[in-house]
Amino acid sequence: MEDRLSRVFAALADPIRRDMVARLASGDATVNELAEPYPVTVQAVSKHLKVLEEAGLVTRGKQAQRRPVHLEAEVFDLMTKWIERYRRQAEERYQRLDEVLLELGQPRTEGGAP
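If you read the sequence shown in full-length UniProt numbering, its first letter stands for residue 1, the second for the next number, and so on.
It is possible that part of the hints are untrue.
Calculated lysine to aspartate or glutamate pairs in the EDC-like style (CA-CA distance at most 20 Å, straight line) [stated by the list, open to error]:
id	residue 1	residue 2
1	K50	D14
2	K81	E103
3	K47	E36
4	K47	E92
5	K50	E84
6	K47	D77
7	K62	D14
8	K81	D3
9	K62	E33
10	K47	E72
11	K62	E72
12	K50	D28
13	K81	E36
14	K62	E92
15	K81	E92
16	K50	E92
17	K62	E84
Keep in mind the hints are simulated off the structure, nothing from the lab. Since the model is a prediction, treat every value here as computed from it, not as a measurement.
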C-alpha cells in the first residue's frame, strides 16, 4: 500500500497533474481536451497522463476513434484512509493535551489547537 500511496502523492505533486485530476473529476476528456488550457505540448500532457496512469489515478479507454481519459476515484479512498488515520492520531493528541491542561487548571484549547 505504501508504495502505491507514494506513487499517488508523487503524481499529485505537480500542479498540472493536480489540475488535470480536478478537471477529470467532472468527466472524462481526451488528451487534446486536457491539453487545451496548458502552455505545453500535447506530448508533455501525455507524459503527465502516463505518470497519473502509473499511479492508478487515471485509465485510458477506447471508444471508436476517441480515447477518453477516466479518473479512477477509488484511489482517493486509499489516500483518504491514510490521511484520516493521521488526522485521528493528531486529534487524540489534542484531546490528551486538553485533559492535561484541565488538570493544571488551564483553559481548554479551542478546537484542539493551543
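Go through the numbered hints given earlier and state which of them the structure violates, listing their numbers in rising order. Going through the list in order, the structure violates hints 2, 4, 5, 6, 7, 13, 14, 16, 17 and respects the others.
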